[in-house]
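Participant: Quick mapping for you: the protein sequence lines, in order, are chains A and E.
Residue numbers for the first sequence follow this note's numbering, beginning at 1 and rising by one.
Residue numbers for the second sequence follow this note's numbering, beginning at 1 and rising by one.
FYI, nobody ran anything at the bench for these hints, they're computed from the structure.
Treat the hints loosely; a few may be bogus.
Copies of the same chain look alike in the list, so a pair counts if it fits in one copy or across any two.
Pairs of lysine-lysine residues, derived as DSS-like cross-links and limited to a Cα-Cα distance of at most 30 Å, are as follows [what the hints assert, rightly or not]:
1) K444 x K284
2) K551 x K232
3) K551 x K533
All figures in this text were calculated on a predicted structure; none of them were measured in a lab.
Number of protein chains: 2
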Amino acid sequence: MIPTNPTDPRWHTRRDRKKERLASVGHLANGLVVDTADVVPLLEAVLRPGDRVALEGNNQKQADFLSRSLAQADPGRVHDLHLLISSISRPEHLDLFENGIASLVDFAFAGAQSTRVATLLAEGTLKVGAIHTYLELYARLFVDLIPDVALVAAEKADRNGNLYTGANTEDTPTIVEAAAFRSGIVIAQVNELVDSVEDLPRVDIPGSWVDFVIPADRPFQVEPLFTRDPRKITDVHVLLAMLAIRGVYERHEVTTLNHGIGYDTAAIELLLPTYGESLGLRGKIARNWALNPHPTLIPAIESGWVDTIASFGGEVGMDRYVAARSDVFATGHDGSLRSNRMISQVGGLYATDMFIGSTLQLDPLANSSTVTAGRLSGFGGAPNLGNDPRGRRHSSPAWLSMNEGEGQLGIHRGRKLVVQIAETYGAGATPHYVESLDAVDVGKNAGMPIAPVMIYGDDVTHVVSEEGVAYLYKARDLEERRQAVTALAGSGPVGTQSTPAQRDQLRRDGVLALPQDLGVRRSDASRSLLAAKSIEDLVTWSGGLYDPPAKFRSW
Amino acid sequence: MIPTNPTDPRWHTRRDRKKERLASVGHLANGLVVDTADVVPLLEAVLRPGDRVALEGNNQKQADFLSRSLAQADPGRVHDLHLLISSISRPEHLDLFENGIASLVDFAFAGAQSTRVATLLAEGTLKVGAIHTYLELYARLFVDLIPDVALVAAEKADRNGNLYTGANTEDTPTIVEAAAFRSGIVIAQVNELVDSVEDLPRVDIPGSWVDFVIPADRPFQVEPLFTRDPRKITDVHVLLAMLAIRGVYERHEVTTLNHGIGYDTAAIELLLPTYGESLGLRGKIARNWALNPHPTLIPAIESGWVDTIASFGGEVGMDRYVAARSDVFATGHDGSLRSNRMISQVGGLYATDMFIGSTLQLDPLANSSTVTAGRLSGFGGAPNLGNDPRGRRHSSPAWLSMNEGEGQLGIHRGRKLVVQIAETYGAGATPHYVESLDAVDVGKNAGMPIAPVMIYGDDVTHVVSEEGVAYLYKARDLEERRQAVTALAGSGPVGTQSTPAQRDQLRRDGVLALPQDLGVRRSDASRSLLAAKSIEDLVTWSGGLYDPPAKFRSW
Numbered sequence: 001m002i003p004t005n006p007t008d009p010r011w012h013t014r015r016d017r018k019k020e021r022l023a024s025v026g027h028l029a030n031g032l033v034v035d036t037a038d039v040v041p042l043l044e045a046v047l048r049p050g051d052r053v054a055l056e057g058n059n060q061k062q063a064d065f066l067s068r069s070l071a072q073a074d075p076g077r078v079h080d081l082h083l084l085i086s087s088i089s090r091p092e093h094l095d096l097f098e099n100g101i102a103s104l105v106d107f108a109f110a111g112a113q114s115t116r117v118a119t120l121l122a123e124g125t126l127k128v129g130a131i132h133t134y135l136e137l138y139a140r141l142f143v144d145l146i147p148d149v150a151l152v153a154a155e156k157a158d159r160n161g162n163l164y165t166g167a168n169t170e171d172t173p174t175i176v177e178a179a180a181f182r183s184g185i186v187i188a189q190v191n192e193l194v195d196s197v198e199d200l201p202r203v204d205i206p207g208s209w210v211d212f213v214i215p216a217d218r219p220f221q222v223e224p225l226f227t228r229d230p231r232k233i234t235d236v237h238v239l240l241a242m243l244a245i246r247g248v249y250e251r252h253e254v255t256t257l258n259h260g261i262g263y264d265t266a267a268i269e270l271l272l273p274t275y276g277e278s279l280g281l282r283g284k285i286a287r288n289w290a291l292n293p294h295p296t297l298i299p300a301i302e303s304g305w306v307d308t309i310a311s312f313g314g315e316v317g318m319d320r321y322v323a324a325r326s327d328v329f330a331t332g333h334d335g336s337l338r339s340n341r342m343i344s345q346v347g348g349l350y351a352t353d354m355f356i357g358s359t360l361q362l363d364p365l366a367n368s369s370t371v372t373a374g375r376l377s378g379f380g381g382a383p384n385l386g387n388d389p390r391g392r393r394h395s396s397p398a399w400l401s402m403n404e405g406e407g408q409l410g411i412h413r414g415r416k417l418v419v420q421i422a423e424t425y426g427a428g429a430t431p432h433y434v435e436s437l438d439a440v441d442v443g444k445n446a447g448m449p450i451a452p453v454m455i456y457g458d459d460v461t462h463v464v465s466e467e468g469v470a471y472l473y474k475a476r477d478l479e480e481r482r483q484a485v486t487a488l489a490g491s492g493p494v495g496t497q498s499t500p501a502q503r504d505q506l507r508r509d510g511v512l513a514l515p516q517d518l519g520v521r522r523s524d525a526s527r528s529l530l531a532a533k534s535i536e537d538l539v540t541w542s543g544g545l546y547d548p549p550a551k552f553r554s555w
Numbered sequence: 001m002i003p004t005n006p007t008d009p010r011w012h013t014r015r016d017r018k019k020e021r022l023a024s025v026g027h028l029a030n031g032l033v034v035d036t037a038d039v040v041p042l043l044e045a046v047l048r049p050g051d052r053v054a055l056e057g058n059n060q061k062q063a064d065f066l067s068r069s070l071a072q073a074d075p076g077r078v079h080d081l082h083l084l085i086s087s088i089s090r091p092e093h094l095d096l097f098e099n100g101i102a103s104l105v106d107f108a109f110a111g112a113q114s115t116r117v118a119t120l121l122a123e124g125t126l127k128v129g130a131i132h133t134y135l136e137l138y139a140r141l142f143v144d145l146i147p148d149v150a151l152v153a154a155e156k157a158d159r160n161g162n163l164y165t166g167a168n169t170e171d172t173p174t175i176v177e178a179a180a181f182r183s184g185i186v187i188a189q190v191n192e193l194v195d196s197v198e199d200l201p202r203v204d205i206p207g208s209w210v211d212f213v214i215p216a217d218r219p220f221q222v223e224p225l226f227t228r229d230p231r232k233i234t235d236v237h238v239l240l241a242m243l244a245i246r247g248v249y250e251r252h253e254v255t256t257l258n259h260g261i262g263y264d265t266a267a268i269e270l271l272l273p274t275y276g277e278s279l280g281l282r283g284k285i286a287r288n289w290a291l292n293p294h295p296t297l298i299p300a301i302e303s304g305w306v307d308t309i310a311s312f313g314g315e316v317g318m319d320r321y322v323a324a325r326s327d328v329f330a331t332g333h334d335g336s337l338r339s340n341r342m343i344s345q346v347g348g349l350y351a352t353d354m355f356i357g358s359t360l361q362l363d364p365l366a367n368s369s370t371v372t373a374g375r376l377s378g379f380g381g382a383p384n385l386g387n388d389p390r391g392r393r394h395s396s397p398a399w400l401s402m403n404e405g406e407g408q409l410g411i412h413r414g415r416k417l418v419v420q421i422a423e424t425y426g427a428g429a430t431p432h433y434v435e436s437l438d439a440v441d442v443g444k445n446a447g448m449p450i451a452p453v454m455i456y457g458d459d460v461t462h463v464v465s466e467e468g469v470a471y472l473y474k475a476r477d478l479e480e481r482r483q484a485v486t487a488l489a490g491s492g493p494v495g496t497q498s499t500p501a502q503r504d505q506l507r508r509d510g511v512l513a514l515p516q517d518l519g520v521r522r523s524d525a526s527r528s529l530l531a532a533k534s535i536e537d538l539v540t541w542s543g544g545l546y547d548p549p550a551k552f553r554s555w
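Isolated chain A, as found in the complex:
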């Protein structure tokens, strides 16, 4: 046994390093406050080559003052950063790689930048550690990807660093905690600086965790990503929604759930107060949600369908509405939304009975992906929401209804409903049902160890298309699963594999339900069933509390 010297400095290198860095920027800061104009010198002084930098940026909120400023840093001083970011959303996120400031990235979603990500990756300008689901990336911030510096955004700060995030709390507390308790340096851009804590509507993050606050040149960017204009909902979306409500929600008594952001799930939200009401389902389904404040859910909320919503983030224009519906949404004593992406993702994982979302491609075993050729878009939250959490131990009628048979040795369990909606064809007559996912080739070409599958087929319990509903959890084997998926594919290349005899057998086995089996008449599927047919209608439903962003206003 050779005990070492307990005061050996190698045990607190991170703390010493922080002290040294803070000392080096003392001249730029007045207490914790740095002038807007000094942002680039601050970043250049605080950052060291090779640092892991957690930059706040998801599909909604962006610390864009800090990311724009970081892109202006001198690559001679600041280079080879390892960027940890939920979503590569802004051009300068990739400029950082082109100008040598950053070289490696771990992320969850790329969205609008997905084509450029693929290009820079192919060129070798950018290296990808891994693509994650949000919650998985947060997890790694505390275990093996601990950040050296966190760059985040808040609405307001006081001079002691106490932060008020407003409705867009989102990733901020998680990123700050990951850095603050590992002797990392936390820099918060703020829309407004106030003198003291009494001037803040509430405190979302204690000043004790923050090193610098810096007023931004303009308010942080935030995107209305979860706003779906009812005008764009088609009769086909309404048909899909009716099939889902009857064939899944009603049949399995789904009360706790998450929705994706497609027009088909928006149609479901808008059918609850009309079609759902006519079926007598209010209070029986869709009561507790893990969901952003979707404007298309306003009519269902106003009609008394919704008990609670746990939100991942805010939604532009929904602030006054949310504040006035505090029984439904999580709000602070100031009245505004507290969203928390990490907590709501945990809620979506462990506390909901169902995930339902749209997909762009589905293979015959129901593996699905939104990755298409040349675009490395990543995953976001879907893999976490769309999987069966095998650590779950509480029961519900919906969860237990997935339990087929008695199990071996007296052991059985339920299962989460993972529902994929895929029309037979998408825009431009592109088939959604394909023999093999584009993701397989994209993964190979990008040198990824596994294909970037969004949701694995063996996690999918149901698929919905205009042709009907496939109950994949009942499929006896892979062949029956394949038959059930191809039965939904319509007239496309995969659909021609399905025969009438197969479909009849699948219906007898309860693995396939056609619209008529569910009491749904195609001729009834009409936009006229939507509780709101336009953004204006949503404003009316909200009693004027919803303030849609300009781009959604037609008046």
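Given chain A, work out where chain E should sit, using these hints.
Facilitator: Using the frame of chain A, we list chain E on its own:
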């Protein structure tokens, strides 16, 4: 379309109710501060029959001043509470049900109270909503089990309600967030009240989220649950540890992991600096941990094995050591540990490649449970840590090494290692390998919809006994899985099902490794290999920084 009145009071009933309750106790509070002596009147005034009450209490830290005081409330005023609690650990937790104050409980773990839980359940005195894994219960606090009142514990508070938790942060931020942003009432018992925020070492929870602080009659209870005395480690534990290190850690290059609290995993921790070092494994395995500050990990930390530890909770006696090892542990600027059970459970779920823990019973399909006849002990964290997170999308060598074969349609993925250690026999010659889990009958007798299985066999990838290691992830079917498990069972009732011919075939298939297959000689398995053989040795290794609790001191 019938929009309702947007100012209808039914949209903010929770907020109105909170205002009314706060007003009713104004006479008891000086600002946010209530006198110790007024705790029962406070609770009686704040609580209403049927309230959901999140009471802080896990397997370590207890808000015991508040739970003891709640048990003294008048059941005529306070009754039929719905208790939400991580761990039923203290007698008064169950007194609440016997005296009618509470009637329904949702929990995760029972431990020392597990026999009484089973009795009260059978009598109908107590109703169980469900038994959860920790993270799952937290998830529901934000979705469908939102608390009306939170009762929590902190080290210190200032007069504005800012809380300092010290090393035992644990569940407190999660419980407080669940209530504070749903117009719940948050009451914190504190060991010490200080005047202002400058007098707090750091802020763990903003005062903005807290309604009342009340100095406790004595410091909150905290149990040294993760302290294992090396004296109790046997040669058999050492053998199990050697088999695990060679057969699992080394073979799969496991770098990120969680350990359970058994003596066998403690043996692994104490073999790293000796046996592990002799194998040249330092830096190659066991670097990033989701783990409490286990004293038995001190020699490995001191020997440079451990990069980082993300802790669920604190550990009694480890405060000075942790503070002096801030490169390894998460600490605040004050130097003390920040533990966070929710975040570390997420880390254990998504950021680690392996869970390894001991079990009391294993059936031939590797389903396991710590529930035995007459005891309803629950789950704690194990189901969350011991499952394959199907939402995971990042790769590692260990995770990919679980991938057998090419998969269908180009789709494959890795898998988390879930390792169960079970000696052939436990104390009193009780066989650990059984034909059917006691949990099956316990579940039936308690009227549970599914048996309380701790870890499901299909999630288990490896089993370790003195007989060798079973690589269940390689088993072709349930019959081969059964043969591999029974091959580890020794001479007990299950073990006699295993034949020499089966074992030879399993070895050829790579599904079973005997000690000699792994280069482990039984005769080498001796306590002399342990880096520390006593608590005193651990203190020496720590350079005097570890302060073991009295019950672990023999000097």
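Participant: Hint by hint, say whether it matches the structure.
Facilitator: Now for the hints, and whether the structure bears them out:
no. : hint        : verdict
1   : K444 x K284 : between (46 Å within a copy, 28 Å between copies)
2   : K551 x K232 : within (14 Å within a copy, 69 Å between copies)
3   : K551 x K533 : within (17 Å within a copy, 70 Å between copies)
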